[in-house]
Every structure is written in C-alpha cells, then in structure tokens.
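Listed here are the chains, written in short residue letters.
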Amino acid sequence: MAKKFMFVNRKAPYGSIYALEALEVVLITAAFEQEVSLAFLDDGVYQLKKGMMPKGIEMKNFGPSYRALPDYDIDKFYVERESMEARGLTPEDLLVEVEVLSAQELGQLMEAQDVILSF
Amino acid sequence: MLHIINKSPFDRPTLDTVLRVAQGGAALLIEDAVVAATRGCIAANKVVELAKKMPVYVLGPDLEARGLADRVIEGVQVVGYDGFVNLVAEHRNCQSWL
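Sequence order for the protein chains is A and B.
Each residue of the first sequence is one higher than the last, beginning at 1 in this note's numbering.
Each residue of the second sequence is one higher than the last, beginning at 1001 in this note's numbering.
No lab work stands behind these hints, which were simulated from the structure alone.
Bear in mind that the values here come from a model prediction, so they are computed numbers and not experimental data.
Fair warning: there could be bad hints in the mix.
Derived DEER-like restraints, expressed as beta-carbon distance ranges [claimed, not checked]: (1) A:Ile28 x B:Arg1020: 22 to 28 Å; (2) A:Arg67 x B:Arg1012: 49 to 55 Å; (3) A:Pro70 x B:Lys1053: 24 to 30 Å; (4) A:Ala31 x B:Gln1077: 42 to 48 Å; (5) A:Ile116 x B:Gln1095: 25 to 31 Å; (6) B:Arg1092 x A:Ala103: 43 to 49 Å; (7) B:Pro1055 x A:Glu97: 20 to 26 Å; (8) A:Val25 x B:Arg1020: 35 to 41 Å; (9) B:Asn1086 x A:Ala31: 35 to 41 Å; (10) B:Val1048 x A:Met53: 24 to 30 Å; (11) A:Asp71 x B:Gly1080: 32 to 38 Å; (12) A:Asp114 x B:Asn1086: 52 to 58 Å; (13) A:Thr90 x B:Val1048: 29 to 35 Å; (14) B:Val1048 x A:Pro91: 24 to 30 Å.
Built from N, CA and C at the ideal position, the CB exists for glycine as well.
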C-alpha cells in the first residue's frame, strides 16, 4: 500500500550535496509507486530557481531533473511563502509549478505524512 | 585582508561577523554566499553595509550556477576565477569565514 512520502528540502543548491542527493532518493521512491511530495523551505527554495547554469563551477545542472519529475508522477511541489519572499523570489522565478503555502499549512501537511525525508 | 565568505546568510551569521570584525581590505562572496548579493534577498542590506566599508566582490560562476546572475545588487562587482586569483594575490592575507 502506498505511503505518503515527503522530501523536505532546506539547503541551497550546489554549495553542498544535499539537493542532488535528495533528487536521487526522490526518483528511487517514485519507482516504488509511493505518494511523493516535495517541500521547499529556507534556502531549499533556491533549488527551484530558473536559469541555473552550473557549467562554470563544473557541476551537473539539476534544473532539468526537477522539470522531469512530473513524468514520474511527482508533481506536488510545495514552497513555503515566507522563505520564498525573504529571498526576493516569486512563483514565476521557479522552474516548476508550485503550490505556495503558509508555514502553518506546510506544518499541517508535514503532520499528515507517513514518512518524512529531510535534506 | 581578503575576507572570503562561502555560506548562505540564512545558514550562518558570517556576514554579521565580518561586518563586526573586519578592518578593511576587500570581501569576496563565493558558493552559497552569493545569494546575499541578490535583489530582494533580506540579507542584501548587510552586503550594502559591507560595501560601505570595503569593496565587495561576488563570484560570477557561482551566481550563474544558481540562476542569479541577473539579480545582482548595485555596489558590488562580479568577478570570475581570474578575478578571484587576482584578489588573493593582491592582499597580504586571507580569512575564509567558513
């Protein structure tokens, strides 16, 4: 029976390996046909910024990987409003369709999960 | 002294420490620290403060990697790796605020 899995992403991309590792595990989880959602708060919001070009720092651009997730039936992207606004970002700056939630709403959604994986 | 800052302002209080401690020279934002020098970021005012005390540089490839190259605030200068090397060479010593 499918469980509700939420990946909680709180780190900026490229400066550490967290974002990339999260993406790997998201794809593995999807292969087991679980109900997967991704939450982005704090610096994790930067993981969804449009226009990433990491060629200059010789790292893999994982922007396209996020855009491919809906093909694996992973299309629940939640962004915490306060984190997004503190960084001067809007949903238009992000590379996938997201649902913007208040901190309280996100907290409630976290409560409703069977499994939370934190990155 | 060259002050090198590499962590996000949301993750570490490094910018505050540099503002408090640094006695001049120059500052260079690299890796996740580059987000501080972008428009609309609530930490940008700290970079503006720092730029009043010393020239502030931001590493271009790290901005580009994060899709932030078109959002840099005024008053800071974007440099490449060659500029990074020049800054290290120009200053007598460096402090990496890890």
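Okay, the hints, checked on the actual structure:
One distance hint, 22 to 28 Å for the beta-carbon pair isoleucine 28 of chain A and arginine 1020 of chain B, is violated here, with the actual separation near 45 Å. For arginine 67 of chain A paired with arginine 1012 of chain B, a C-beta distance near 30 Å fails the hint of 49 to 55 Å. Between proline 70 of chain A and lysine 1053 of chain B the Cβ separation comes to about 47 Å, which falls outside the hinted range of 24 to 30 Å. For alanine 31 of chain A and glutamine 1077 of chain B, the hinted distance range of 42 to 48 Å is satisfied, since their beta carbons lie about 46 Å from each other.
Taking the beta carbon of each, isoleucine 116 of chain A and glutamine 1095 of chain B are about 38 Å apart, not inside 25 to 31 Å as hinted. Our hint of 43 to 49 Å for arginine 1092 of chain B and alanine 103 of chain A holds, since their Cβ atoms are close to 46 Å apart. Checked against the given bound of 20 to 26 Å, the beta carbons of proline 1055 of chain B and glutamate 97 of chain A, roughly 41 Å apart, lie outside it. For valine 25 of chain A and arginine 1020 of chain B, the hinted distance range of 35 to 41 Å is satisfied, since their beta carbons lie about 39 Å from each other.
In this structure the supplied range 35 to 41 Å is violated for asparagine 1086 of chain B paired with alanine 31 of chain A, their Cβ-Cβ distance being about 48 Å. In this structure the supplied range 24 to 30 Å holds for valine 1048 of chain B paired with methionine 53 of chain A, their Cβ-Cβ distance being about 26 Å. At about 36 Å, the beta-carbon gap between aspartate 71 of chain A and glycine 1080 of chain B stays in the expected band of 32 to 38 Å. Against the hinted window of 52 to 58 Å, the Cβ-Cβ separation of aspartate 114 of chain A and asparagine 1086 of chain B comes to about 54 Å, which satisfies the hint.
One distance hint, 29 to 35 Å for the beta-carbon pair threonine 90 of chain A and valine 1048 of chain B, is violated here, with the actual separation near 22 Å. In this structure the supplied range 24 to 30 Å holds for valine 1048 of chain B paired with proline 91 of chain A, their Cβ-Cβ distance being about 27 Å.
When held up to the earlier numbered hints, the structure conflicts with 1, 2, 3, 5, 7, 9 and 13 and fits the remainder.
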